[in-house]
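Colleague: Residue numbers (the working numbering), protein chains in the order written: chain V, -10 to 280; chain S, 82 to 204.
Careful: at least some of the hints might be erroneous.
Simulated crosslink set (DSS-like; lysine-lysine; CA at most 30 Å straight-line) [claimed, not checked]:
#1 V:12 to V:215
#2 V:250 to S:134
#3 S:134 to V:12
#4 S:96 to V:250
#5 V:12 to V:32
#6 V:32 to V:215
#7 S:130 to S:162
#8 S:162 to S:134
#9 V:12 to V:130
#10 V:130 to V:215
#11 S:162 to V:250
#12 S:162 to V:130
#13 S:130 to S:96
#14 S:134 to S:96
Negatives, chain V to chain S, calculated, CB over 12 Å [as the list claims (entries may be wrong)]:
#15 0
#16 21
#17 32
#18 36
#19 71
#20 80
#21 101
#22 185
#23 205
#24 230
#25 234
#26 276
For the record, the hints were derived by calculation from the structure and aren't laboratory data.
Heads up, the beta-carbon is just placed ideally off N, CA and C, and yes, glycines get one too.
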Amino acid sequence: MPSDTSKAVIPIQVIDEPQAHEKRHVHEVYDQIASHFSSTRYKPWPVVANFLQSIPTGWVGLDSGTGNGKYLPLPANRSGETWTIGLDRSQNLLRIAMNANYGDTNCIREVVLGDAIETCWRVSAFDYAISIATIHHFSTKERRERAVQSLLQTLSPSHGRALIYVWAIEQDALSKRSIPISEQSSPGHGEDVFVPWVLSKQQDKSASDSAPERRVHHRYYHMFEKGELRDLICGAAHGMGLTVGSPREGLGPVADGMRQKIRGLEIVEDSWERSNYYIELRLWEVEAPDS
Amino acid sequence: MVRLITHNLLACHVKGCTTNNFPLVFQDAQVEIHEAEFNEDFIRGFMPKIEWKALVDSARQLGDTSLPEEQPEMADDDFLKTLHHVLLEMHIEEGAMVCQNCGHVYPISNGIPNMLLAEHEIG
Ligand SMILES: [Zn+2]
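The following block holds chain V by itself, in its conformation from the complex (with noise of 0.2 Å):
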């Protein structure tokens, strides 16, 4: 492939208004690439697979950012005994998603539109969540967290789990990305970024006749450095009053011997592969023990 500097991750400053800024350089591009990035996207990523296939029976999940909908089928060998829900904000990402599937059924998935910020669901209603490359796209660390809460809340408290990624600054060396340093940016907050997506007039479908050959949208992105998504997860934790920690070390004194229930959330897995940060964790809840 030729050299192309429209391809170039380019650093950025978030200066508009956040809800402005996510609709303008995340919404409408997803909405306006959306066929030619899922024909990108097809192969599941092994961590989340091996996560999904690891879920009882039973269980139902939701799927934060489900995008093209390509975990919505797994495990695909245990297909039907579990349920995962896809919500994304991309309508045209969301008609791809209700028919993902890998050949073998033609089963139709459940998806719903909406803001992976909000809750629009009762609370507790999920026995597992996944969010996978969706909450970099918050351009504050406010909504990061917000979006990271929501995710808690709508799990179980008792036996929840979920699975986050998020891109790192550090990329793999594989990868044709390399992500330029701001002057700007302070260590610890990581990187604002803009990451194009060339879509050429063929690959458009909206493109009209006298659109030129090729058009490059810049996707925003907030690119994660080294513990900034445990962080960002223990300060969500935080702030919902949950221990973070082994159930273990929830235990600790009760005040006036008041019986209530300690909830927390353990960081069972906290890595980096292929570009990304990821964590996995779960929650628990404890009787707290009479004084």
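On the provided structure of chain V, position chain S with the ligand as indicated by the hints.
Modeller: Relative to the frame of chain V, chain S with the ligand by itself:
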């Protein structure tokens, strides 16, 4: 798609709407029946998590009266198949879901429910 499995999990999330915001009530619903593979283990596992009254009432709104008022303690094969049909085979293609508390209308178009809110409605 919106089926009753999903409807049993959705709730109104308009700012300040926190009581009586579940279940949403169907309006002008167009239902299509599509067969789905019966998985007994899934239905058994999901059963305890169902908000039963909401499911029974919603199925009746859609013209299906096959479910008993009370969730039976012993689930036999016939009952599980009935439940499977109600949860997974009735697709609401068009129409809307309305919040009984605040009156917000969530439209359903081409089988996709729209749960997005206007900016001033977001909590
Ligand atoms: Zn309401």
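Colleague: Does each hint fit the structure? Answer for all of them.
Modeller: Verification of the supplied hints:
1. V:12 to V:215: holds, 27 Å
2. V:250 to S:134: It holds: about 27 Å lies between the C-alpha atoms, which stays within 30 Å.
3. S:134 to V:12: The given pair, whose Cα atoms are some 38 Å apart, is violated under the 30 Å limit.
4. S:96 to V:250: Cα-Cα ~28 Å, so holds.
5. V:12 to V:32: Distance ~27 Å between residue 12 (chain V) and residue 32 (chain V) Cα, so the pair holds.
6. V:32 to V:215: Roughly 25 Å between the alpha carbons, so the hint for residue 32 (chain V) and residue 215 (chain V) holds.
7. S:130 to S:162: Holds, at roughly 17 Å.
8. S:162 to S:134: Satisfied, since the Cα-Cα distance of roughly 18 Å is no more than 30 Å.
9. V:12 to V:130: Holds, because 17 Å separates the two Cα atoms, which is no more than 30 Å.
10. V:130 to V:215: With a Cα-Cα distance of about 15 Å, the restraint between residue 130 (chain V) and residue 215 (chain V) holds, given a limit of 30 Å.
11. S:162 to V:250: With a Cα-Cα distance of about 37 Å, the restraint between residue 162 (chain S) and residue 250 (chain V) is violated, given a limit of 30 Å.
12. S:162 to V:130: Status violated; Cα separation ~47 Å.
13. S:130 to S:96: Measuring from Cα to Cα gives roughly 26 Å; hence the hint holds.
14. S:134 to S:96: Judged against 30 Å, a Cα distance of about 25 Å means the pair holds.
15. 0: holds, 28 Å
16. 21: Holds, because the least Cβ-Cβ distance between residue 21 (chain V) and chain S comes to about 18 Å, which exceeds 12 Å.
17. 32: holds, 24 Å
18. 36: holds, 24 Å
19. 71: violated, 7 Å
20. 80: violated, 7 Å
21. 101: Nearest chain S Cβ is 5 Å from residue 101 (chain V), so the label is violated.
22. 185: holds, 27 Å
23. 205: holds, 27 Å
24. 230: Nearest chain S Cβ is 17 Å from residue 230 (chain V), so the label holds.
25. 234: holds, 27 Å
26. 276: holds, 20 Å
The structure shown violates the earlier hints numbered 3, 11, 12, 19, 20, 21.
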